[in-house]
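Here the structure of chain A is known, so what remains is to put chain B in place on it, guided by the hints.
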Amino acid sequence: MDKSFYAIFKTFFKVGTLLLGGGYVILPLLQSELVEKKQWISNDELSQFYAISTSLPGIIAVNTSIFTGRKIAGRKGAIASVLGVITPSFLAIVFLASFLLKISGFYLVKSVFWGIGIGVISLLFFAIKEMWGKCVNDSFSTGIFIFCLILSLIFHFSPVVIVILAVIFGILYQKYNRSFIK
Amino acid sequence: MNILFQLFINFFNIGVFSFGGGYATLPFLYEIAEKYGWYTTSQLTDMIAVSSVTPGPIGINMATFAGFNTYSLFGSVVATGAIILPSYLIVTCVYKILDRFNENWMVKGAVHGLKPAGCALLTAVGIKLILTSNLHLLGALILICFILSGLKKKHEPIFYLGLSALIGLFAGLFHIIGV
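Sequence order for the protein chains is A and B.
If you count by our numbering, then the first sequence holds residues 616 to 797, one letter each, in order.
If you count by our numbering, then the second sequence holds residues 79 to 257, one letter each, in order.
It should be emphasised that the hints constitute simulated quantities derived from the structure, not laboratory data.
Every residue gets a Cβ at the ideal spot worked out from N, C-alpha and C, and that includes glycine.
It is possible that some hints are incorrect.
[Unchecked claim] Computed list of chain A residues with no C-beta within reach of chain B, every gap over 12 Å: (1) 619; (2) 620; (3) 621; (4) 622; (5) 643; (6) 646; (7) 648; (8) 651; (9) 652; (10) 658; (11) 663; (12) 686; (13) 690; (14) 745; (15) 746.
[Claimed, not checked] Heads up, incomplete: computed chain A residues facing chain B, CB under 7 Å, no partners named: (16) 673; (17) 708; (18) 720; (19) 781.
Chain A on its own, in the form it takes in the complex (with noise of 0.2 Å):
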């Protein structure tokens, strides 16, 4: 099978182009073409990227396009697959960023974009709620969860500030547990 820079790219760009609507539908994504069609990783691999790439900090899609292009072809597969993993994205977004930058003083413009708002806004609750549900579900990570928000919305603490601290705590909490149980 052909490893060249140029084709992990293409199939890379073809998995962005196809992306939508956050990085967690990558995994089904590129099963079907780095796993079935291509057959470059085998199955379990891609799943083992996928689940260390959810626990590193960064872009989702884009760690686990890098570890996935590197066991294809080293670093040369890396960096083909980031790029072409991205490339979709920033064509399309600069493209319409200076579309909507032209018409964004009409007054029906902006009309529609105080519409929108409320979609978004109605967006991020949902995704609030899936992370919710998937992360929330101990006393720690309430505490955690409720500390962070009071840090955040109260004290206007910056988010670096607060990712350290939630690490710091973790571990803590973490190491905590494994000298109760010994």
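Only chain B this time, still in chain A's reference frame:
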């Protein structure tokens, strides 16, 4: 030149600290809007809308968009490049310890803390956006309808954005709200 450098540092930062997929970069983009004013928080709402219905990872879409609003095409290149660079470096390191990574107790602990923190950060942005946007009574009522109907059966993002765009158009045509 200076602004491109600041843009790079800030988006590199997002690449290092954002966690959890989808809208995870949003709290950081909101902070940048407040701190530097490269784009307004209402432009941020437009970015979320466009990024949600455009192909590609939402995080990349929003970074490209924010970069474009800051410094046109060069801004897009710098912001997008800066946000993926940490991913590249981190994945390259983790690749060597693949099998042990997710079993490591410190990784488990960190993820246990990070997940609810990411959810809290997004909740905070949602609340801030509601407070700063000019919803009016009409907007607030529609938002409640959307959320209640979404709890029963959730549609695709394009459904909510399309419907709310139409509502905005009519509100504008009949001068119901002052924008």
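Would the hint on residue 720(A) stand, with a C-beta cut-off of 7 Å toward chain B?
-> At 12 Å from the nearest chain B Cβ, residue 720(A) fails the 7 Å test, so the hint is violated.
Taking the closest pair, is the beta carbon of residue 745(A) still more than 12 Å from chain B?
-> Violated, because the least Cβ-Cβ distance between residue 745(A) and chain B comes to about 9 Å, which does not exceed 12 Å.
Least C-beta distance between residue 658(A) and chain B, which was stated to exceed 12 Å = holds, 16 Å
Does residue 648(A) really sit off the interface, with its C-beta more than 12 Å from all C-beta atoms of chain B?
-> holds, 15 Å
Since residue 619(A) was said not to touch the interface, does its Cβ keep a gap of more than 12 Å from each Cβ of chain B?
-> Given a closest Cβ separation of 20 Å, the condition holds.
Holds or violated: residue 781(A) as interface residue toward chain B, Cβ cutoff 7 Å?
-> Status holds, d = 3 Å.
Beyond 12 Å from every Cβ of chain B: is that where the Cβ of residue 651(A) lies?
-> holds, 21 Å
Can residue 708(A) be said to touch chain B, with a Cβ gap under 7 Å?
-> holds, 4 Å
Minimum Cβ separation between residue 643(A) and chain B greater than 12 Å?
-> Nearest chain B Cβ is 15 Å from residue 643(A), so the label holds.
Can we trust that residue 690(A) is non-interface, i.e. its beta-carbon lies farther than 12 Å from all of chain B?
-> violated, 8 Å
Claimed clearance of chain B by residue 621(A), with the beta carbon kept past 12 Å | holds, 20 Å
Would the least Cβ to Cβ distance between residue 652(A) and chain B come out above 12 Å?
-> Non-interface label on residue 652(A) holds, nearest chain B Cβ at 19 Å vs cutoff 12 Å.
Consistency note: the structure conflicts with the earlier hints numbered 11, 12, 13, 14, 15 and 18.
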